[in-house]
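Here's the letter readout for the chains.
2 protein chains.
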Amino acid sequence: MSATAGSRGRRTESELVADVRSAVLEELAEVGVGRLTMEGVAKRAATAKTSLYRHWGTPHDILLDALEHEFPQEPVSPNSDNLREDLIRSLRLMTEWLATPTARAVASIISEQARYPELTRAVYANIFDAKGGRFTRTVLSHYAEHGWFSAELVTPVVADIGEALVLKHALDAGALPDADVLAAIVDQAILPAVGVAAPAGSRHAEET
Amino acid sequence: MSATAGSRGRRTESELVADVRSAVLEELAEVGVGRLTMEGVAKRAATAKTSLYRHWGTPHDILLDALEHEFPQEPVSPNSDNLREDLIRSLRLMTEWLATPTARAVASIISEQARYPELTRAVYANIFDAKGGRFTRTVLSHYAEHGWFSAELVTPVVADIGEALVLKHALDAGALPDADVLAAIVDQAILPAVGVAAPAGSRHAEET
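Protein chains in written order, with our numbering: chain A, 1 to 208; chain B, 1 to 208.
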């Protein structure tokens, strides 16, 4: 981080890159997409503009690089024997990511998508799509390949059910969904959409 | 609307109320939740503050009244013989509402929910919950009562699938979902969650 840069002497190139990635997210949170500049990022990372230009051409390049670097990729269990747990884990990964500065940066870009359409397109193409498109898509596609259900069932709508319900819950409740809500989303919405039965009793979990 | 108020002479009380409801939404769009005042609304509605106080105690009262008045209630078909069409119709009603100034006002309140928790709670309690909680909930509950599926399946998560996917699509695409997307949401996500089969072929509609 920039605050410690001075105390540890000369940074390696990879330390500098890490500091600049942190700096661009801090700068974005403070000044917004429209006022992000190479000067501002360089100053916050305690480096020279020329150092930035060795790696990136524009402030948006730095921002996209930082977002891409911090975005998680959901894992699938090697034995492919627990679709339900893998889906819950992928949504938990999403909720953990939503609590990070990276997610807040993405939210602020998307909320201004009308003003910055190219930046928004790049966020979707380089980050979301590059990492599987949706947090549950990699898991669903993996289990479809292993014969749990037809790959035709993994439509854009079905791959989006988990993310949509997590975001909706966060919007309505003003807080990220807990483990019970994530399990309910998987059992009551995602598993039925691919024709897989949820564990007995789980569909009424919220009522009992 | 305030612009025409002067040209048609003295307004009736119900015309005044309608003008004030429009005015508070315009004022909100221009100044934001935090700077909404009785003075500002009165000026925009071309009336006196004393006229406002005959109906409302605070600017937030006016705002909630306007939002409540403009919020639609989804219909159910009297014969209860077409769950799929009624669900599509309820989501179409939602997308039509999302294009109105009322929806933009609600979005701006929810986006500032940390700053105005009471106003946000009132939006949910007086408007969303009072009108059935979710755009598809009234339809789902109605068909459950008529024996199409168990009422226990209409959980908070299941009632939220439609709204969540409509909002997610709007967020990702930067545009409201069209008729094909609404049908896909109903066929691929909502109907499976209540164990009702979608029409043959409809689940792959987006791929063909």
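There could be a bad hint or two in this list.
Residues from chain A shown here face chain B by an in silico Cβ test under 7 Å; the list is partial [claimed, not checked]:
1) T95
2) A99
3) A170
4) G174
5) D180
6) A184
7) P192
8) V196
If the Cβ cut is set under 8 Å, some of the chain A residues that face chain B in the computed set are [to be verified]:
9) V17
10) G32
11) S108
12) I110
13) Q188
14) A189
By construction, these hints were calculated from the structure, which means they are not laboratory data.
Using N, Cα and C, we set each Cβ at its ideal position, and we do this for glycine too.
Subject >> Numbered hints the structure breaks, given as an ascending list >> reply: 1, 2, 3, 5, 8, 9, 10 and 11
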